[in-house]
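Asks: Chain by chain, the residues:
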Amino acid sequence: MKNTLSTLWQTLFGHPVSAFGVVSLLLLISLAIAPAKNHFSEWRHYQKKYLSLIRGRGEAITLERRFHDHDGIQQIWLPQLGVVDRCTSCHVGLKEASLADVSVQPFRRHPVIPHTLDQYGCVMCHRGQGPATTVEEAHSSTLAWEQPILPSRYVQSSCGQCHRAPLTGTPQLNLGRNLLTRYGCVHCHIIKLPDGSAIQPTDDPPSLEHVADKTSREWIYAWLKDPQAYAVTATMPNFKLSDPDARDISAFLIANSTPIAGDTAPVTTNEKTPDPAEGASLYGESFCASCHAVQNAAGNVVGGDIGPELTRVGNKVKPEWLRAWLSNPRVYDPGTAMPHYRFTDPQLSLLTVFLGNKTDSDLLANVHLDAATPEQIAHGKRLVTEYGCASCHEINGIKKSDNFAPELTRIGSKPLTQIIFLPGMTHALPDYIAAKIRQPRSFGSALKMPQFSLAPAQVDALTTALLSLTDRAHDLPMALTVPSKPPSNYQPAGKAGKLMDDMACFTCHAINGRGGDLAPDLTWEGSSVQRAWLLAFLKNPGTLRPALIRRMPRFNLSDDDAKELTDYIMTVYQTPAFDRDSMPASGYPPVQVEQGRQLFYSKYACQSCHIVDTKVDKGYIGPSLTQVGSRLNAAWIYHWLKDPQAMRPGAIEPNRNMNDEDARALTAFLMTQKGTGKQEAKR
Amino acid sequence: MTGAEKNARPQRLKLNRSRCDYRSAEALRHPRSGATLIGHWRTLVAFSLIVVSAGCTHRSGPASALKATGFGAALVESSGGKQIGATGSVLAQPLVVQVNDEQGNAVTGALVEFSGPAGVSFDPQSGVTDSSGQLSTNVTLGSMAFRYQLAARTSTKAQKPVDLKIEEIALGYQQMVGFQLDNKYCGRCHNPESSAERVSNYDNLEVKPHPFTEGDTLNKMTDADLTAIISHGGPALNKSALMPPYGYTLSKAEIEALIAYIRLISDPPQHASGTVYAQK
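Chains as they are written, first to last, in numbering that gives the first Met the number 0: chain X, 0 to 682; chain L, 0 to 279.
The hints are simulated quantities; they were obtained by calculation from the structure and are not laboratory data.
Bear in mind that the values here come from a model prediction, so they are computed numbers and not experimental data.
A few of these clues could be false.
[To be verified] Pair by pair, the computed Cβ-Cβ distance ranges are:
| no. | chain 1 | residue 1 | chain 2 | residue 2 | range |
| --- | --- | --- | --- | --- | --- |
| 1 | X | P422 | L | Y247 | 53 to 61 Å |
| 2 | L | N218 | X | N402 | 53 to 61 Å |
| 3 | L | G103 | X | G261 | 57 to 65 Å |
| 4 | X | V590 | L | M220 | 56 to 64 Å |
| 5 | X | G493 | L | Q269 | 41 to 49 Å |
| 6 | L | M220 | X | S483 | 36 to 44 Å |
| 7 | X | V590 | L | Y247 | 26 to 34 Å |
| 8 | L | Q269 | X | S444 | 50 to 58 Å |
| 9 | X | R409 | L | Y247 | 42 to 50 Å |
| 10 | X | A377 | L | S135 | 41 to 49 Å |
[What the hints assert, rightly or not] Here are the computed lysine-lysine pairs in the DSS-like style, where the Cα-Cα straight-line distance is at most 27 Å:
| no. | chain 1 | residue 1 | chain 2 | residue 2 |
| --- | --- | --- | --- | --- |
| 11 | L | K183 | X | K484 |
| 12 | L | K238 | X | K484 |
| 13 | X | K602 | L | K238 |
Heads up, the beta-carbon is just placed ideally off N, CA and C, and yes, glycines get one too.
Construct all of the structure, not just a fragment, from the sequences and the given hints.
Replies: The following block contains the structure:
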């Protein structure tokens, strides 16, 4: 061995000339390492592949010229955003519209979005390590860089970093944000927005202070064990309680409940048993289904989601409570979204019996609870505190604890080093969040977070919404963020204001930024309609849009109340844009009316969406115009025709850029449509 | 990194699969960057790729340990086909297929496997049908805006495969904007289907609008024609005035989005499908 080595040494360095040669060679080789590494770098490899790809295409010369203007390492540098992105070194064709059909990465064209690469770079939306020049480091590395590439299924979360308001193109993000508030996540988890405000829940979990008036202990037990067995659409999660725990919590809630005067009403038994068909038709006429859903025989849930599902409501509520609730829900829950219908006594009996019959004999069949012992009640109280029931529900004697669950304000940038992954799980933040939402207790059976009943698309949407809560979202320059509309706490004044609360107008209608979107915005209703029509409509709402299944119910208002409300709306809800009395209600010259008729049917073809003459017209999209002359104000019609979206943002009637003369003629024609009076009576 | 990108770049991405051992992949790849092995680096990389990908395949385990206990003669779609979703997203409704025998009765315990082009994934990828003969799977779309042709396969007792083709549509950002605009403005007349929420006005119109899936007609119209008719209404192209102009209501970008959406959902598609997009 020693001999071999010394021979080798002798051969290489024995002679000064050969020694010089060998040393030179070694030096050359070591010098060549750096350029060789550069020459064989990945980005060069991809740029060569890109060239061979575009050479085979029709527009090769243009593409090649554009490529050679920018070969070598590419970089997008945005100091203000902290972006240094070299992604375009390999993703060469991102801006080439003609590469739309290429599916091979990294050469795909970027899909069309409202931003350009030069504005925001890549990692703002896709995450990953921008300055890296190898595939592995740019996309997957979680060692030196915390955030690997974001899977495209969650990419909408990146829009949410800057855009706080819903965007048309990001339904998944919008849904996720909606679920965060609707499923009550933010009752337990605090999520602060960059402006310092916290996300507020939009669900309204019922108070449990008087729950014994409303329901039985057996139902509470069954509900706690499996809320979705009672109602498939229930948003209440499953706490996976053991039988004794559910028994003790139900015992505590019943024992802890205090009675409240007037929330039960005697159900007279000597009344004639109401016809179930009549109950069903009253349920239909009152448009209960606009807010409440019922599962039909085929298993489909039909109806609105503003109020709770009523499929098995007869198993839940006591008839005495139900009757009192239907009579005036505000006695039991002053803040409820349910309107005060002012039903008559026979109507109350009809509905109470009709709803009371909505039962499922299996639901409570196996629930047998013995009388509760004091120990059970005490244990129930402990459990209620431990599980944080008071985070959502009001419970006598138990305070809502702040910080019940971890704050999620910056969950989208949670360092991976702080996360304990399950065995076999991909070590990535989105997978962790999704797994937490899907099965919270899989991370430990002692964890308190309950099991929510969510479809896979909903889990993805929630994950997307949570991933948008990044450090970047909080640290962005304010000029770059697009804030959401500030929440409005508008409250109408006086007696009319009380009436509007009583009838829960804001559940469906929005006024001055507050309220629902089920029905038209009423902010400028006083400029829009005629007084007599509004008064009659409030007394007996007719149908303006025959094709709609969700319509304004009849609240059986007294004459005084209807007048009070009409006066208030006509006085207060006025647009500053024009004077309501600037155009006459009648007296238009017949020539102008005829001109309007021509324009209606020919130039503007309004009959495709509206009906003026029920014999000829068939348009079912917009409201019926057969009595529009008795319903709307002339100046409103004129200004609406000129620019519908200015009168009601989001209106679907297209802006026709109508000239003055046409708008006046059409107004004249429409104001002559007074209806026959018969149709009014038919409603 | 999405599945689509993974499969579209097999060379590089096999290495990046997170379930492979990152360090061993790196070690195998390492010689490539050494200057001494210039002549053989291609061979080495190819070799290492084979080793690594074989390892990956092995580790992900056999496709299914499921055994068919029933065999059907026909495979039909129950629900969940022709859905529209965002690229890379899980479809809102699961895809449900049903296996029937020669008499048309549901078959329990038949093995069904789903497959699709690059980027599409199924949860579960395969399974046996339940007591009503059905199997349900959640479909995740690929990351390209595209009409994805999926397939379900079961086999008869004689081991003859029975195939079912299903189509799902993935919308990119722009097409998604178009889809929302269609729902708000266009669908009320152009979509003949009524839903509980929205009654279609299609049947009430004297001149029938073209449903946006009517590829035979719409594919013949250029983008400029469609822009003109959306902006200026039917009369712009000597068509019915029942189609109003939306040029003062929608922005230019919104009209482009609408056209991008129409082009994607038209049936037959505007571009010949398959050859470029869909290959694995």
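Asks: So, for every hint listed, does it hold in this structure?
Replies: We went through each hint and held it up to the structure:
1. X:P422 x L:Y247: 53 to 61 Å: This hint holds: roughly 60 Å between Cβ atoms.
2. L:N218 x X:N402: 53 to 61 Å: For N218 of chain L and N402 of chain X the Cβ distance comes to about 58 Å; the hint holds.
3. L:G103 x X:G261: 57 to 65 Å: holds (60 Å)
4. X:V590 x L:M220: 56 to 64 Å: The hint (56 to 64 Å, Cβ to Cβ) is violated, given that V590 of chain X and M220 of chain L are roughly 40 Å apart.
5. X:G493 x L:Q269: 41 to 49 Å: violated (60 Å)
6. L:M220 x X:S483: 36 to 44 Å: holds (38 Å)
7. X:V590 x L:Y247: 26 to 34 Å: Because 28 Å falls inside the window, the suggested range holds.
8. L:Q269 x X:S444: 50 to 58 Å: holds (54 Å)
9. X:R409 x L:Y247: 42 to 50 Å: Since R409 of chain X and Y247 of chain L have Cβ atoms about 43 Å apart, the given range 42 to 50 Å holds.
10. X:A377 x L:S135: 41 to 49 Å: Holds: the Cβ-Cβ distance is about 45 Å, inside 41 to 49 Å.
11. L:K183 x X:K484: holds (21 Å)
12. L:K238 x X:K484: violated (41 Å)
13. X:K602 x L:K238: At roughly 13 Å apart (the allowed maximum being 27 Å), K238 of chain L and K602 of chain X satisfy the hint.
Hints 4, 5 and 12, counting from the list given before, are not met by this structure.
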